[in-house]
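Make the full structure from the sequences, and use the hints.
As they're listed, the protein sequences go chains P and X. Using the numbering used here, you'd call the opening residue of the first sequence number 854 and step up by one each time. Using the numbering used here, you'd call the opening residue of the second sequence number 122 and step up by one each time.
Because the hints were derived from the structure by calculation, they are not lab data. Some hints could be false.
[What the hints assert, rightly or not] Facing chain P, a subset of chain X residues (Cβ under 10 Å, in silico):
id	residue
1	127
2	131
3	132
4	134
5	135
6	138
7	141
8	149
9	162
10	217
11	218
12	220
13	223
14	247
15	261
16	263
[What the hints assert, rightly or not] Listed next, the stretches of chain X that the computed footprint assigns to chain P, with coverage defined by at least 3 CB atoms under 8 Å from CB atoms of chain P:
id	region
17	208-214
18	231-241
19	250-259
Predicted model, so just to flag it, every value in this text is computed and none were measured. Ideal Cβ positions, reconstructed from N, Cα and C, are used throughout, including at glycine.
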Amino acid sequence: MTNRRKLSRRAFLALCGTGAVVVGGGMTAWALQAEAPFSGKALNAFVAITAGGDIEIICPAQDLGQGAPLALAMIVAEEIGADLSKVRILPAPRDAARYGNPEFSGRMVTADSKTTLGYWSLLRQAGAEARLALIETAASQSGWLPDDCRAQEHSVWHMPTNTKLGFAQIIAAGHLLVPGATVEDHKPADQFTLLGTSPQRPDALDIVTGRKRFGTDQRPVGADLAVLRRSPHLGGKIVSFDDSKTRAVGGVTGVCVLRDQSAIAVIGRDTWSAIRGAKALEVVWSPASAFDSESERTALEAALDESETEAVILRGSGQRPAPDTASRFYAPSLTHVLPEPLNASAEAQSIGLGVAVQSATQSLDLDMRYAAQTWKTAPFLVETRGTPSGGAYGRRVLNDTVREAAEIAKTLGRPVQVIRPQLDEMTRGQVRPAAVQRLSAQLDARGDLKNWRHEIASDGTLTTHLPSSLKGSNGTEDNTATDGAYHPYICADQEVRWVRVASLPTPGFLRGVSASYTVWAIEVTLERLLRSAGQDPLAWRLRHIEDARLAAVLQRVADMSGWGDQGRSLGLAAMIFRGTRVASVVEVTGTKVHHVWIALDAGQVIHHDQLVAQVEGGAVWGLSQALREGLKYREGAADLASLADYPMLGNGELPTIEVSLIEQAGQTPGGAGEVGVPTTVAATCNAMEAATGRRFDALPLDLRHLQQVGILCNEHT
Amino acid sequence: MELSFTLNGEQRKVALADPEMPLVFVLRDILGLTGTKYSCLQGMCGACTVHVDGQAARSCQIMAHEVAGASVTTIEGLSEDGSHPVQRAWVEVQVAQCGWCQPGQIMQAASLLSSNHHPSEREIRDAMGGNICRCGSGPRILRAVAKAANLSRETPK
Ligand code: FES
Ligand code: FES
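Here it is, written out as structure tokens:
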């Protein structure tokens, strides 16, 4: 038990008291924040034990509905040997030095399928330290040897005598010894009893009784509500306006023009008066541009054709362009369709020097940055609070309503909550940018891949908003535009590159990011090539994948779906994404998808049922992207009059979706939130091509013509 | 106007500046019942579903004066302790992801089951087809409705 290292600097900070200004390295220079919200005695930054023996666990991730709070707490509870019913999960304060995600350069961002992945080691370490503290203390109290003890069922057991001390008894006896822990002290995976099970979420009852409170449900006391009237077309500015009708609306308490002239905020005592007031404004906007989806597509195509365009090289030398015969693939802009409206509230603090913001958010750090810039104050004078989010899907990372709330609260000199109605966000908000790809590949005489040329043109979300987050050897790679492009197949001669084409709609993060279309282009090109060469798409993939875990996943999904049966129209797709190996098979009858099988290996399974639910949800997104979704622009504006103009796959149309997990005990968990999306898009297209004999070069797949000419259900069974 | 109606079994009177305020905002902003959610405000997503005189209705499309004298049930009134068969099924099947759409989904399902104790799979799909779950919990919603139908047949009324 010697030489134990305590949980790095993070744990140390927790133990050395609170309220200090912590100057950390890297991006996060400031962390003056409230202490961790423990009521018990802190064992390190993540774990405390209350006088009654309950364990308190800090959840550093935001609650977006993906189940992160429970999953992360399960990792810690497993290490400690805690009983989940005696665990309390507390949200972390904004303190990136202690709670930042190592996968996000230590920032507090909940996104990109990196939460469990990023916090896994840290939380095991935190749990192991707590367990050893309890064991060491119990042993010293009872005259046991620590090595003879085990922590389970919320007690420390002395194995030779089969006696135990409950955590409550241990803490009751007074001073806790904290010996620290090393990686070797982490619990061996074969002793896991909690990980891989499916305990009920702590908020399950609150959700079904309507008691769970999201950002929109928590308007701060004394805050009025603001709704913005924004330009009907992209980039429009106010030329003139008349608010006399608005001021006559009952309940309207203020009107305020945003500094950049992009919007007018109407403030009301309740949501309805603000909405009505915003509608009643008479505004003349600067003229719309001629931008539309067709011209955007043409610009993306042109960027691939111009050899001069600066490209980011992902594989190869960049010297060998795709031939003119390459297949082209078009993916449209997509919008999030957030269930809960974007929302944020702001209120002056410290005699107006600082500001407190509250929001349904994916990042306290970025909220802080937005609020500090807008309020023109220092980050440590910004208080941030996250509420649960009604859906996020990447949209609440660049959470721009925080800016609006801060600006309006400052201008008005009183607290305000901003709500952005769904259609407003869909019309003018962030999009998963459209993309054009060109891909060509050839097989040699032995049936191996002879060459591979993949070119992608799109806008880049990180490039636009967070250029310091770009990766790659030259610091130019935007993973929101290149994710998925690194296919897992053996091929010596590869060229993969991305060209950034700035576009008018604001690019944003969206569940599945670029992988939804890069994997589509890759897997469809491959399957076309294999089918025309008379190769079985499964057998070929198994022969040309080096990753044994991905091969096992492919074999599993093939077994589930009955791959190889004659006369069925099946499509296959596979990928590795955020460490997770995933493969989908989709079956089509006529032009109808009626079954989806997904197998995945996401390393150690944390919460079995929530992992499956995330993958099911991803599959629904994949189907919806393959078959329905696309945001069109016309005359400088989104072509949307209502939600009905953005078709999505509904509950009533869902095929059967089966998910199977291959568990790897003890392996770092891979991503979950997005992994169901890309291979489902691709496998749907492959199945549709198998069923119809047609090639599809755009998403969503255009089936109207086929339905008209009568390729309908059952003709292909 | 003074709106007088029955809400979750209780007589309520509310003073309203605008008789055309949609019911969803009367519930949330005036009466503080935030269990009823909203997304599209256009009658197209089902997030705001409540029961009006026993029928599922989109509360964003109903003006306050239209429920004068009517009986409205919201998620808070379905059961406080989650004992309604639909709520129990939702918990057992672990349907919810973010949970935002779920009060509306649950009210929609409860309305189906109150008039149809043996819904077929097709009837379940049709009844739930207009309620969007953007998180993608749809497969579980369909399963949970079927389970709730079983539970409500087992539960003596
Ligand atoms: S909010 Fe009422 S149906 Fe969408
Ligand atoms: S659970 Fe999130 S929208 Fe349905």
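Verification of the hints:
Evaluation of the residue 127/X hint against chain P yields a violated restraint, the C-beta minimum of about 18 Å exceeding 10 Å. Checking residue 131/X against chain P: minimum C-beta separation of about 16 Å lies over 10 Å; hint violated. A cut of 10 Å between beta carbons decides the hint on residue 132/X: the least distance to chain P is about 21 Å, and the hint is violated. Using the Cβ-Cβ criterion of 10 Å, the hint placing residue 134/X at the interface with chain P is not satisfied: the shortest such distance is roughly 18 Å.
The criterion of a C-beta within 10 Å of any C-beta in chain P is not met by residue 135/X, whose closest approach is roughly 12 Å, and the hint is violated. For residue 138/X, the interface hint holds, since its Cβ comes within 10 Å of a Cβ in chain P; the closest pair sits about 4 Å apart. Taking 10 Å as the C-beta cut-off, the interface hint given for residue 141/X holds, the closest approach to chain P being about 9 Å. The interface hint given for residue 149/X holds, since its Cβ lies 7 Å from the closest Cβ of chain P, which is under the 10 Å cut-off.
Satisfaction of the interface hint for residue 162/X is found here, the shortest Cβ-Cβ separation to chain P being roughly 6 Å, below the 10 Å cut-off. Hint on residue 217/X holds. Least Cβ distance to chain P is approximately 5 Å, under the 10 Å limit. The beta carbon of residue 218/X comes within 4 Å of a beta carbon in chain P, closer than 10 Å, and the hint placing it at the interface holds. Here the hint on residue 220/X is kept, as its CB sits about 4 Å from the closest CB of chain P, short of 10 Å.
The beta carbon of residue 223/X is positioned within 10 Å of a beta carbon in chain P (closest approach about 5 Å), and the interface hint is therefore held. Using the Cβ-Cβ criterion of 10 Å, the hint placing residue 247/X at the interface with chain P is satisfied: the shortest such distance is roughly 6 Å. Taking 10 Å as the C-beta cut-off, the interface hint given for residue 261/X holds, the closest approach to chain P being about 7 Å. Checking residue 263/X against chain P by beta carbon gives a least distance of about 7 Å; that is within 10 Å, so the hint holds.
Look at the region 208-214 of chain X against chain P: 3 of its residues bring a Cβ nearer than 8 Å to a Cβ of that chain, three or more, so the hint holds. Coverage of a stretch by a chain is defined here by at least three residues with a beta carbon nearer than 8 Å to that chain's beta carbons; for the region 231-241 of chain X and chain P the count is 0, and the condition is violated. Coverage of the region 250-259 of chain X by chain P holds in this model, with 10 residues showing a Cβ closer than 8 Å to a Cβ of that chain against a need of three.
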